[in-house]
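Asker: Construct all of the structure, not just a fragment, from the sequences and the given hints.
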Amino acid sequence: MLAFLRRRIVSSALPLLVVILGVFFLARLTGNPANLYLPLSATPEMRAEFAARNGFDQPVIVQFLDYLGQIARLDFGESLRTAQPAAQAVLQAFPATLQLAGTTMLIAIAAAVVIGSLAAYRPNSPADRAANFLSSTSASVPDFWFAIMLVLVFSVTLNWLPTSGTEGMAAWVLPIATLLIRPFGVLVQVVRGSMVSALSAPYTRVARSKGADEKRVIFGHALRNAAAPALTVAGDLTVSMINGAVVVETIFGWPGIGKLMIDSILERDFAVLQAAVLLTALTIFALNIVIDVCYALLDARVRQGVTA
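For the sequence shown, UniProt numbering assigns the number 1 to the initial residue and increments by one for each residue that follows.
Because the hints were derived from the structure by calculation, they are not lab data.
Among the clues, some could well be false.
Simulated restraints, written as ranges between beta carbons of each label pair [what the hints assert, rightly or not]: (1) M169 <-> A42: 26 to 34 Å; (2) G253 <-> S200: 43 to 51 Å; (3) N124 <-> V206: 22 to 30 Å.
Just so it is clear, the structure is predicted and the values come from calculations on it, not from any experiment.
A virtual CB, placed ideally from N, CA and C, is assigned to each residue, including glycine.
Answerer: This is the structure in structure tokens:
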């Protein structure tokens, strides 16, 4: 297992370098920060002093090499907008994203396991067809459109829920509902398909022939074996949720890492943008490694292949 972890960490190093390289150079295509942070009447001397103070007077390659050296020292620079350390701004915003994504995935997994298992228990029944329709529709709805419809109905028309903020449970409802819809739809389909195969497998027939309780057959035998593919998909959805929370956080004003990235792009706050993307990439790589390890622990065949 340790050899497996070493291989996964080494294999993640090159994509991480590509991410660092990409965000560094693409951020600078957004324009010169001096145009935002200096008045229109700024003299060439003021612009030169601003560039020298922030290291923009050096060639881009030199700036990139300096940035790599800063990363090695765990120094991510300072925000142009607030003058606070970029790492501090990112670490303040990231927990909000993790809370939102984590809560959403827990609800999605719990609901998908229940609905997917019930649908698989009686294939082609009305409940199964209703679950298939619900999951297919949920997996196909664009999140940005769904978010706008939720705001229109529950905030503008009915005035039941706030459109932004984090104060109170009511502020969580619309962001969670928007993030929930796609992973819920996908997971219901995955759980149902895995459970249909597991419930018709020889080991479940043997368990029933020995007089095992039906709940034990479903949750002790079938669901345990069906959990491996569902876990992999849930992990991938969690990764994509953290990576794709930009739209939801921007629409609902959620103070997470996605909104921070958008604000940093608009404000040309390169240090904060680079730190935010780097932390997100590191989190995604760590989650992928955890998913692989959990899958190996659940599936003996994968575990034997890993330790071999």
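Asker: Determine for every hint whether it applies to the structure shown.
Answerer: Cross-check of the supplied hints:
1. One distance hint, 26 to 34 Å for the beta-carbon pair M169 and A42, is violated here, with the actual separation near 47 Å.
2. The hint said 43 to 51 Å for the Cβ distance between G253 and S200, and at roughly 48 Å that hint holds.
3. At about 25 Å, the beta-carbon gap between N124 and V206 stays in the expected band of 22 to 30 Å.
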